[in-house]
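S.K.: For reference, the chains in residue letters:
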Amino acid sequence: MSARASHRRSQCVALALALALLAGSFADAAAQALVLSDDLGHAVSFAHPPQRIVSLLPSLTETVCALGACASLVATDRYSDWPQEVKALPKTGGLEDAEIEGIVRLAPDLVLLSRTQRITARLHELGIESFALDTETFAAIARVVTVVGAILGRPERAAALNRRIESAVEEQSNRARARRPGAAPSVYFEVDRGPYAAGPTSFIGEMLARLGTRNIVSADLGPFPKLNPEYIVRRDPDVIFISPTEAPQLAERPGWNRIRAVREQRICSFTPDVQSTVVRPGPRVAEGMSAIEDCLERVSPP
Amino acid sequence: MSALRPALPALGTVHHDAHAARRLALWLSCCFAATVLLTCCSLIIGTSSIETSLGWIFSPDAQSSVVLWQIRLPRTLGAWFAGALLGLAGSIAQGVFRNPLAEPYLLGTASGAALGVTVSLIAADASVEGLLWAAKLGVTGAACLGAAAATLLTVSLSRGVLQTRSLLLSGVVVAFLLGAITQLLLLTKPEIWRSMQTFLFGSTGFISWSSAALLGGVFCVCIVPAALLSRGLDALSLGEDTAQSLGLSLPMLRLTLLGIVSLATATAVGEVGVVGFVGLIAPHVVRETLSVNHRQLLIAAPVCGGALLQAADLVSRWIISPAELPVGAVTACVGGSYLVFLLWRRGRNV
Numbered sequence: 001m002s003a004r005a006s007h008r009r010s011q012c013v014a015l016a017l018a019l020a021l022l023a024g025s026f027a028d029a030a031a032q033a034l035v036l037s038d039d040l041g042h043a044v045s046f047a048h049p050p051q052r053i054v055s056l057l058p059s060l061t062e063t064v065c066a067l068g069a070c071a072s073l074v075a076t077d078r079y080s081d082w083p084q085e086v087k088a089l090p091k092t093g094g095l096e097d098a099e100i101e102g103i104v105r106l107a108p109d110l111v112l113l114s115r116t117q118r119i120t121a122r123l124h125e126l127g128i129e130s131f132a133l134d135t136e137t138f139a140a141i142a143r144v145v146t147v148v149g150a151i152l153g154r155p156e157r158a159a160a161l162n163r164r165i166e167s168a169v170e171e172q173s174n175r176a177r178a179r180r181p182g183a184a185p186s187v188y189f190e191v192d193r194g195p196y197a198a199g200p201t202s203f204i205g206e207m208l209a210r211l212g213t214r215n216i217v218s219a220d221l222g223p224f225p226k227l228n229p230e231y232i233v234r235r236d237p238d239v240i241f242i243s244p245t246e247a248p249q250l251a252e253r254p255g256w257n258r259i260r261a262v263r264e265q266r267i268c269s270f271t272p273d274v275q276s277t278v279v280r281p282g283p284r285v286a287e288g289m290s291a292i293e294d295c296l297e298r299v300s301p302p
Numbered sequence: 001m002s003a004l005r006p007a008l009p010a011l012g013t014v015h016h017d018a019h020a021a022r023r024l025a026l027w028l029s030c031c032f033a034a035t036v037l038l039t040c041c042s043l044i045i046g047t048s049s050i051e052t053s054l055g056w057i058f059s060p061d062a063q064s065s066v067v068l069w070q071i072r073l074p075r076t077l078g079a080w081f082a083g084a085l086l087g088l089a090g091s092i093a094q095g096v097f098r099n100p101l102a103e104p105y106l107l108g109t110a111s112g113a114a115l116g117v118t119v120s121l122i123a124a125d126a127s128v129e130g131l132l133w134a135a136k137l138g139v140t141g142a143a144c145l146g147a148a149a150a151t152l153l154t155v156s157l158s159r160g161v162l163q164t165r166s167l168l169l170s171g172v173v174v175a176f177l178l179g180a181i182t183q184l185l186l187l188t189k190p191e192i193w194r195s196m197q198t199f200l201f202g203s204t205g206f207i208s209w210s211s212a213a214l215l216g217g218v219f220c221v222c223i224v225p226a227a228l229l230s231r232g233l234d235a236l237s238l239g240e241d242t243a244q245s246l247g248l249s250l251p252m253l254r255l256t257l258l259g260i261v262s263l264a265t266a267t268a269v270g271e272v273g274v275v276g277f278v279g280l281i282a283p284h285v286v287r288e289t290l291s292v293n294h295r296q297l298l299i300a301a302p303v304c305g306g307a308l309l310q311a312a313d314l315v316s317r318w319i320i321s322p323a324e325l326p327v328g329a330v331t332a333c334v335g336g337s338y339l340v341f342l343l344w345r346r347g348r349n350v
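Taken in sequence, the protein lines are chains D and Z.
Numbering-wise (the numbering used here), the first sequence opens with residue 1 and increments by one.
Numbering-wise (the numbering used here), the second sequence opens with residue 1 and increments by one.
Everything labelled a hint here was simulated from the structure, so no lab data went into it.
Quick reminder that beta carbons are idealized off the backbone N, C-alpha and C, glycines included.
Certain hints may be false.
Said to hold, decoys possible - Straight-line C-alpha distance at most 25 Å; calculated PhoX-like pairs for lysine-lysine:
hint, chain 1, residue 1, chain 2, residue 2
1, Z, K136, Z, K189
2, D, K91, Z, K189
3, Z, K189, D, K87
Claimed, not checked - With beta-carbon atoms standing in for the labels, derived distance ranges:
hint, chain 1, residue 1, chain 2, residue 2, range
4, D, V274, Z, S156, 42 to 50 Å
5, Z, L132, D, R122, 41 to 49 Å
6, D, A184, Z, R194, 26 to 34 Å
7, Z, R159, D, K87, 44 to 52 Å
8, D, P181, Z, S65, 31 to 39 Å
Claimed, not checked - One-sided excerpt, in silico: chain D residues whose CB lies under 7 Å from chain Z:
hint, residue
9, Q84
10, R105
11, Y196
12, P225
13, L227
14, Y231
15, R234
16, T245
17, P254
18, G255
19, R260
All chains should be modelled from the sequences, with the hints used to inform the complete structure.
M.R.: As structure tokens, this is what we get:
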């Protein structure tokens, strides 16, 4: 509970800061540039909303488009695949192997990327403005929407989008609570063979918690721990989330045919397009939660 | 290099010595005792506390007996056999190549296996047919297939197995080439990277009874001909001319020996992933502590390799339980430290 409370707090602080910045910038007449500090602590000033944006992260691409600014994107990373119109845009590599030359040739006025990307320093050397955002958590979604909305000069749209996301998330949580009052099915979410699990502190873990499920992994193991497979057998989860590739082979893993979820086929797998809503902390978070809840309803009859 | 004992057998009268035989017997008994001890420990070390595990042994319920007998026991026995296969392959490779740094992955096996796994993971994601195909083959099958293909490629590039240097060179070339293809494929599908990492650092987590049985069966298939050909390895280590002058058919001998190396390595890699250092270190540990000919080495090194991987498996699941370290990282730490120790000791003696 305290973690969630602190998330809310940091979310509120971030919102307040962004709004204060915005209020400041609007109060001081249009001529004065908006100055925002990104998650690497680097201050970027915006005299006017950027018109040529390169996004190097699918969740940022989705945020830009959800704010109605898809037309200002000139390129994305190769994994951005939603909404439909970004598929036709030029692709400038991946998260860790962005094509600097391709980006430079597109002459963007802003590159949006995640905090972990090495490319930032190189872009600065080449005189290209970039803005790094930490997008890893549930709390980050609203903050990213607010900040990107401010950058794009669409603060009202950002506020409206945030309200929409929040109410859709709330709706999914309520739906789950109404369906399973009191009972919390134990779940294991395998992100990769290994087995790597999604722990409660990961974005996926937060979604699962909001849907009233009990993660078999404890928070102290970190967001994506590599587990001893025996641990999962011992915890005997009610439902397993796993890739469609691994799902057919679960019973062959030693001892796994004893797990209730495997015995009773309470296994959830998502197609790649649905999976992207489940794993991307972006504006489609409620869709991801809905996909998880749909499967929970299907595999765990009351 | 000079710090490592050359991959030459102890020839002459030493190994006939009753004293040496007694030492070997004592050494093997120690290894055997260590294996039994490690097997017992592996039953009580896992995600539960030692007291809980002990309780399970004496009063098991349905779940705990699955954990003990379907997960922990096959896992530790499988780890032993995989280590033994790597130890065996390493000793043969060091003998055939007459190089103390030779190891089982020299023929490009590991890179081939990694490519096989990458292709199967990508195919499984690409289409329904691919998924069915990948599910049928499994990671193990894909790795074995890749390893076998890489070995064949290496051998055909060097036009047979007769030229040591050209074989080594082809092995290196094939490893680089297949490694590059794997990297390129991974670039197009970074979401499989974590699964690949599990494979590349080795994992004993999913060894079942059938995997352990396969590893054990292949070990039996490999050790018998290897022991029968150990005299040939002794002769080879004196030089190819000498071996030929002793009336040995070199092509046949080398082909069979490298065939054993490939089979042993491909099976081990298929089941536990690319576990480094065991194949390299096990023969060195034996040669550092014993004066052995190849027949003795081919028995002692697998026993040593088995115990090593078993111990590494135990450490990997114990240190950060219930999470796990990659077993290959543990063997690399132990193996690397051992090589450093050898260098330091030799340096001091000089």
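S.K.: Next step is simple, just say for each hint if it's right about the structure.
M.R.: Hints, one by one, checked against the model:
no.: 1; hint: Z:K136 with Z:K189; verdict: holds, 21 Å
no.: 2; hint: D:K91 with Z:K189; verdict: holds, 15 Å
no.: 3; hint: Z:K189 with D:K87; verdict: holds, 17 Å
no.: 4; hint: D:V274 with Z:S156: 42 to 50 Å; verdict: holds, 45 Å
no.: 5; hint: Z:L132 with D:R122: 41 to 49 Å; verdict: holds, 44 Å
no.: 6; hint: D:A184 with Z:R194: 26 to 34 Å; verdict: holds, 28 Å
no.: 7; hint: Z:R159 with D:K87: 44 to 52 Å; verdict: holds, 49 Å
no.: 8; hint: D:P181 with Z:S65: 31 to 39 Å; verdict: holds, 36 Å
no.: 9; hint: Q84; verdict: violated, 21 Å
no.: 10; hint: R105; verdict: violated, 21 Å
no.: 11; hint: Y196; verdict: holds, 6 Å
no.: 12; hint: P225; verdict: holds, 4 Å
no.: 13; hint: L227; verdict: holds, 6 Å
no.: 14; hint: Y231; verdict: holds, 4 Å
no.: 15; hint: R234; verdict: holds, 6 Å
no.: 16; hint: T245; verdict: holds, 4 Å
no.: 17; hint: P254; verdict: holds, 4 Å
no.: 18; hint: G255; verdict: holds, 4 Å
no.: 19; hint: R260; verdict: violated, 10 Å
In summary, the structure is inconsistent with hints 9, 10, 19 from the numbered list given earlier, while agreeing with the others.
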